[in-house]
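**Student:** Make the full structure from the sequences, and use the hints.
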Amino acid sequence: MYQTRSSLIKFSVWMMVFFMVGWLTSYFYNDIGDFQTEVVAVDESDSQDEIDLGLFWDVKDLLDSAYVDLSKVNSEEMLYGAIDGLVDSVDDPYTVFMDPEETKEFQENMGGELEGIGAELTIENGELVIVTPFKGSPAETKGLLPNDIIYLIDGERANEMSVFDAIMAIRGEAGTTVNLTIVREGEGEPLVFDIERAKIEIDSVEWEVIDGENGKSIGYISIYQFGDKTEDEFQEAVNDIVLANVDGVILDMRNNGGGYLDTAVAVISEFASGQNKAVAVKMRDDVNNEIYYTTGDASFAGLPLVVLVNSGSASASEIVAGALQDYETGIIMGEQTFGKGSVQTVEPLSDGSSLRMTVAKWYTPSDRSIDDVGITPDITVTDVYETEEDEQLDEAISYLSGM
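Quick note: the sequence shown, position 345, residue 345 per the numbering used here, numbers continuous.
Among the hints, erroneous ones may be present.
[As the list claims (entries may be wrong)] Okay, derived cross-link-like pairs now, DSBU-like style, lysine-lysine, Cα gap no bigger than 35 Å in a straight line:
#1 K361 to K216
#2 K229 to K199
#3 K229 to K216
What the hints contain is simulated information worked out from the structure, not anything from laboratory work.
**Tutor:** Below, the structure is given as structure tokens:
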């Protein structure tokens with residue numbers, strides 16, 4: 001069912017756009033591993049009542065024969081519009097039809113150099129919402145925050161644009177500027193930002209050894225995404241920190257929008273000893289369900305652990321946090337996570353268009369679904385974005401220093 005790093009393009013929760021990238025993805029990677037599409041024969045007892053598609057053709061024939069502005073009737077646009085409506089009717093923000101132009105743009109964004117403001121987006125209640133501004137990006141530098149609603153893009157209403165048009169309006173050549181009007185909870189008036197676009201580069205992992213209180217030495221590992229290089233970089237961080245003989249570890253996954261499933265399992269395996277369930281993936285047909293297990297080689301087994309999360313922690317980062325919380329391997333600290341517990345794949349279509357479709361849900365080892373709910377921290381610590389202090393990191397250091 002699942003194939004490690006297959007060549008299929010998938011997407012996850014969000015619209016990872018780097019404000020401009022393949023939207024509804026999690027940093028260009030499948031939210032929950034690399035999914036291999038499989039054609040499954042469906043028993044007619046499981047299918048919906050047959051629909052009389054003659055009604056569709058009747059309406060099209062009427063438009064073709066009698067609509068007053070015949071020159072405005074474009075059969076291809078009518079077809080794509082009808083498919084859009086069909087897909088929209090399932091009421092799933094992660095199931096989306098892409099016409100050939102959108103598909104080409106999506107594929108180009110999955111590789112190559114990106115230019116934009118550096119953020120991850122999703123759709124909530126019809127609004128374009130920031131999931132995560134990436135570390136060091138123009139979006140973060142200018143002060144955009146998770147859960148900010150993008151109201152206007154260069155003066156145009158974002159919720160009146162198609163998803164594709166909104167993303168393309170935000171994207172642009174490095175050095176150019178986009179004007180965003182943001183609605184933020186707690187602010188009486190909209191906030192206006194002029195943000196200069198840039199080439200976006202994100203490191204997967206950063207690490208260091210921190211001098212804590214009471215003479216304690218603390219290993220700090222920050223994972224920004226679960227991508228192609230993350231597992232190797234994470235292993236290097238693990239090796240360095242093990243050699244430092246630390247008294248505890250902080251795993252920081254704040255503003256991590258997700259990535260590969262197998263990388264998430266590799267991270268869990270360094271903290272949870274034994275070969276245990278890491279995550280379960282459940283399909284519509286139970287026979288296709290799959291369970292992933294830890295490797296049993298935990299370098300940090302027994303070490304005090306704090307996992308930092310916030311509202312920008314989504315998908316694969318929630319898989320890690322959920323498993324470690326279930327096994328009581330460490331303390332989850334910070335803020336409620338995003339709540340992305342579904343799996344998507346992209347199906348190419350004959351004319352170059354494609355369908356991105358939710359095909360499964362994932363569950364924590366204790367069979368919890370966090371979809372639309374998120375993970376509740378064991379210790380809630382709110383970061384005050386207006387200050388330069390990192391209250392959550394400070395609290396994690398203090399917690400481990402006191403153990």
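**Student:** Are the hints correct? Go through all of them and say.
**Tutor:** Evaluation of the provided hints:
For a cut-off of 35 Å, the pair hint linking K361 to K216 is broken: about 40 Å separates their Cα positions. Of the pairs offered as hints, the one joining K229 and K199 holds, with about 19 Å between alpha carbons and a cut-off of 35 Å not exceeded. Straight-line distance between C-alpha atoms of K229 and K216 comes to about 31 Å, which keeps the hinted pair within the 35 Å bound.
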